[in-house]
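So you can see what is in the structure, the chains are spelled out below.
Number of protein chains: 2
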Amino acid sequence: MSLVIIGTVAFDTIETPFGKTDKILGGAGTFASLAASYLCDQIKLVSVIGEDFGSRNLAVIEDRGIDVSGVQIVPGGQTFSWSGRYHNDMNSRDTLATDLNVLADFDPIIPDSYQDCEYLLLGNLTPQVQLTTLARLKRKPKLVVLDTMNYWMNVALDDLKKVLQKVDVLTINDAEARQLSGEYSLVKAAKVILAMGPKYLIIKKGEHGALLFGENQIFSAPALPLADVFDPTGAGDSFAGGFIGYLAKVKSINFTNMKNALIFGSALASFCVEKFGTDRLVGLTEEDIQKRLNAFVALSQFNL
Amino acid sequence: MSLVIIGTVAFDTIETPFGKTDKILGGAGTFASLAASYLCDQIKLVSVIGEDFGSRNLAVIEDRGIDVSGVQIVPGGQTFSWSGRYHNDMNSRDTLATDLNVLADFDPIIPDSYQDCEYLLLGNLTPQVQLTTLARLKRKPKLVVLDTMNYWMNVALDDLKKVLQKVDVLTINDAEARQLSGEYSLVKAAKVILAMGPKYLIIKKGEHGALLFGENQIFSAPALPLADVFDPTGAGDSFAGGFIGYLAKVKSINFTNMKNALIFGSALASFCVEKFGTDRLVGLTEEDIQKRLNAFVALSQFNL
Numbered sequence: 001m002s003l004v005i006i007g008t009v010a011f012d013t014i015e016t017p018f019g020k021t022d023k024i025l026g027g028a029g030t031f032a033s034l035a036a037s038y039l040c041d042q043i044k045l046v047s048v049i050g051e052d053f054g055s056r057n058l059a060v061i062e063d064r065g066i067d068v069s070g071v072q073i074v075p076g077g078q079t080f081s082w083s084g085r086y087h088n089d090m091n092s093r094d095t096l097a098t099d100l101n102v103l104a105d106f107d108p109i110i111p112d113s114y115q116d117c118e119y120l121l122l123g124n125l126t127p128q129v130q131l132t133t134l135a136r137l138k139r140k141p142k143l144v145v146l147d148t149m150n151y152w153m154n155v156a157l158d159d160l161k162k163v164l165q166k167v168d169v170l171t172i173n174d175a176e177a178r179q180l181s182g183e184y185s186l187v188k189a190a191k192v193i194l195a196m197g198p199k200y201l202i203i204k205k206g207e208h209g210a211l212l213f214g215e216n217q218i219f220s221a222p223a224l225p226l227a228d229v230f231d232p233t234g235a236g237d238s239f240a241g242g243f244i245g246y247l248a249k250v251k252s253i254n255f256t257n258m259k260n261a262l263i264f265g266s267a268l269a270s271f272c273v274e275k276f277g278t279d280r281l282v283g284l285t286e287e288d289i290q291k292r293l294n295a296f297v298a299l300s301q302f303n304l
Numbered sequence: 001m002s003l004v005i006i007g008t009v010a011f012d013t014i015e016t017p018f019g020k021t022d023k024i025l026g027g028a029g030t031f032a033s034l035a036a037s038y039l040c041d042q043i044k045l046v047s048v049i050g051e052d053f054g055s056r057n058l059a060v061i062e063d064r065g066i067d068v069s070g071v072q073i074v075p076g077g078q079t080f081s082w083s084g085r086y087h088n089d090m091n092s093r094d095t096l097a098t099d100l101n102v103l104a105d106f107d108p109i110i111p112d113s114y115q116d117c118e119y120l121l122l123g124n125l126t127p128q129v130q131l132t133t134l135a136r137l138k139r140k141p142k143l144v145v146l147d148t149m150n151y152w153m154n155v156a157l158d159d160l161k162k163v164l165q166k167v168d169v170l171t172i173n174d175a176e177a178r179q180l181s182g183e184y185s186l187v188k189a190a191k192v193i194l195a196m197g198p199k200y201l202i203i204k205k206g207e208h209g210a211l212l213f214g215e216n217q218i219f220s221a222p223a224l225p226l227a228d229v230f231d232p233t234g235a236g237d238s239f240a241g242g243f244i245g246y247l248a249k250v251k252s253i254n255f256t257n258m259k260n261a262l263i264f265g266s267a268l269a270s271f272c273v274e275k276f277g278t279d280r281l282v283g284l285t286e287e288d289i290q291k292r293l294n295a296f297v298a299l300s301q302f303n304l
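Residue numbers (full-length UniProt numbering), protein chains in the order written: chain L, 1 to 304; chain X, 1 to 304.
Same shape as in the complex, but just chain L:
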């Protein structure tokens, strides 16, 4: 009865118009599990780090009650690290450096204690690692959510298509949906992609919100308009974590719950971008989250 999240735990070095960081805690697995931790219990992380990672960084994750026994520490290894600079519009960025380090040989080991997995988030990693993870789970999870990106469409499309046949939900952005489907219209793109395997497709549109396709229905979730986006790093991962965290809490998969899950995911993502790295995603209160959900209701609900 657990939510297993596999994804990177990393060092990020970030430059935005608001400032510059040293190497700080980042990674898709980190953001997703922190976000989910506000919505459900029994979160179990699978990842890999180097000996340089430091116990203080790992404590940030553990302090939120997240099980890190599936986070391998490679002796003498260096942690995956990424460095990037955001442009003034905060919608585009340049990657300055990507050092795979221990991630290059990542073999996802699933501890026995993780075999109770009912909800699985396959964070953005090589499709091969995602396939291995699925193969190593002895029981098929109730729900598998897959995150991926254009890079894997370019270099590992065949493997990616194999993963797509085994998952329930795919989350990608609008450009990636167009690339994967070869269709410009997102409605047509969704049709093509849903035929590849997943029952639900979430298309993330950044400041324009997200669309959910499935069960012959469409739902449009707004993004919260913000005066300042401080650091967008991890927003998509926080969204995915909030999304699956909500479903793991309510334990029932249908379009109505999926819609709410999109709103919870969007709320968590809206916190993430308010500070550098994971700073805003630690120490949120129940009241913070309730207020933010209320803001989404006010933003998008009407009564004709």
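Derived from the structure by calculation, the hints contain no laboratory data.
Watch out, some of these pointers could steer you wrong.
Remember, identical chains collapse to one label, so a pair may be satisfied in a single copy or spanning two.
Straight line, CA to CA, 30 Å or less: simulated DSBU-like cross-link-like pairs of lysine-lysine [to be verified]: (1) K291 to K191; (2) K142 to K162; (3) K291 to K259; (4) K259 to K205; (5) K142 to K275; (6) K140 to K166; (7) K205 to K23; (8) K205 to K188.
As the structure is a prediction and not an experimental result, all values here were calculated from the model.
Guided by the hints, dock chain X onto chain L, whose structure is given.
Chain X in isolation, oriented as in the chain L frame:
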């Protein structure tokens, strides 16, 4: 007790990936008044056409119960005409020709029978013509909605700022909001623009919907995801017409009604793009509109 709409009545020649038209009926005043005609009575149009316009085209407008006694016919004059080609993504277009013709010397004459105007839509025209229209109304309307575009920000910013001081609602797109305010964040842009005069600001984002700012609140209206956008010409004008048409019907200006007006405007715009020119905006039934409104509810409403 009428809704006065001032805007172009024109000939459009349109090329899209779906086909090509001859000179067909178009113009902001046409689209806006047709859209509004499904929501309220007593619509009165101010515009100018040439002798070439033809009674059949005018009949399309009159047949919807729209008063055209304020549409001047210039003897021997040629009607304003525009020609454009949409790119494959339908989000961008090239203007192939703009022939102002009778629009070049347009002096907006307001018939006495229009002086009962309570709702006024100032369609996209020179700010000077918009100012003249306002000056010629003997009684201040209950609500003035202004549409404009980047072109007037480039060539007539001072006049535009004068109009802004006299209107209640401004509708522009996101790029125009950024240009007018000098702010990238739409939240900051809205703050700057609302300080220029209007009490409400609507930022249109095309396939991403629209944002309404005012009364220290924000509302996000979705756009209906469509498999095929056949011809986007007139979508923004249909939106504006549906928006003010709804408010003229309910006769009460507050944020709650403004939210609904955005949804009605979006619904009318979603019809407009389904066929060339005004083809889809004539002959809609009450049932068509109710079904479309239901689609907007299904698309965006949730229950946490």
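Now for the hints, and whether the structure bears them out:
1. Taking identical chains as interchangeable, the C-alpha atoms of K291 and K191 lie at most 30 Å apart only when they sit on different chains, with a minimum of 22 Å there against 35 Å within one chain.
2. In this assembly of identical chains, K142 and K162 lie within 30 Å of each other by CA distance solely inside one copy; the values are 19 Å within and 61 Å between copies.
3. When the C-alpha separation of K291 and K259 is checked against a cutoff of 30 Å, the pair qualifies both within a copy, at 18 Å, and between copies, at 21 Å.
4. Taking identical chains as interchangeable, the C-alpha atoms of K259 and K205 lie at most 30 Å apart whether they share a chain (16 Å) or sit on different chains (22 Å).
5. Proximity of K142 to K275 under the C-alpha cut-off of 30 Å is found in neither arrangement, the shortest distances being 34 Å within a copy and 44 Å between copies.
6. Within a single copy, K140 and K166 get their C-alpha atoms as close as 10 Å, which meets the 30 Å cut-off; across copies the closest is 64 Å, which misses it.
7. Taking the shortest alpha-carbon separations for K205 and K23, only the intra-copy value of 28 Å comes in at or below 30 Å, while the best inter-copy value is 37 Å.
8. Proximity of K205 to K188 under the C-alpha cut-off of 30 Å is found in both arrangements, the shortest distances being 16 Å within a copy and 20 Å between copies.
Going through the hint list in order, the structure does not satisfy hint 5, though it satisfies all others.
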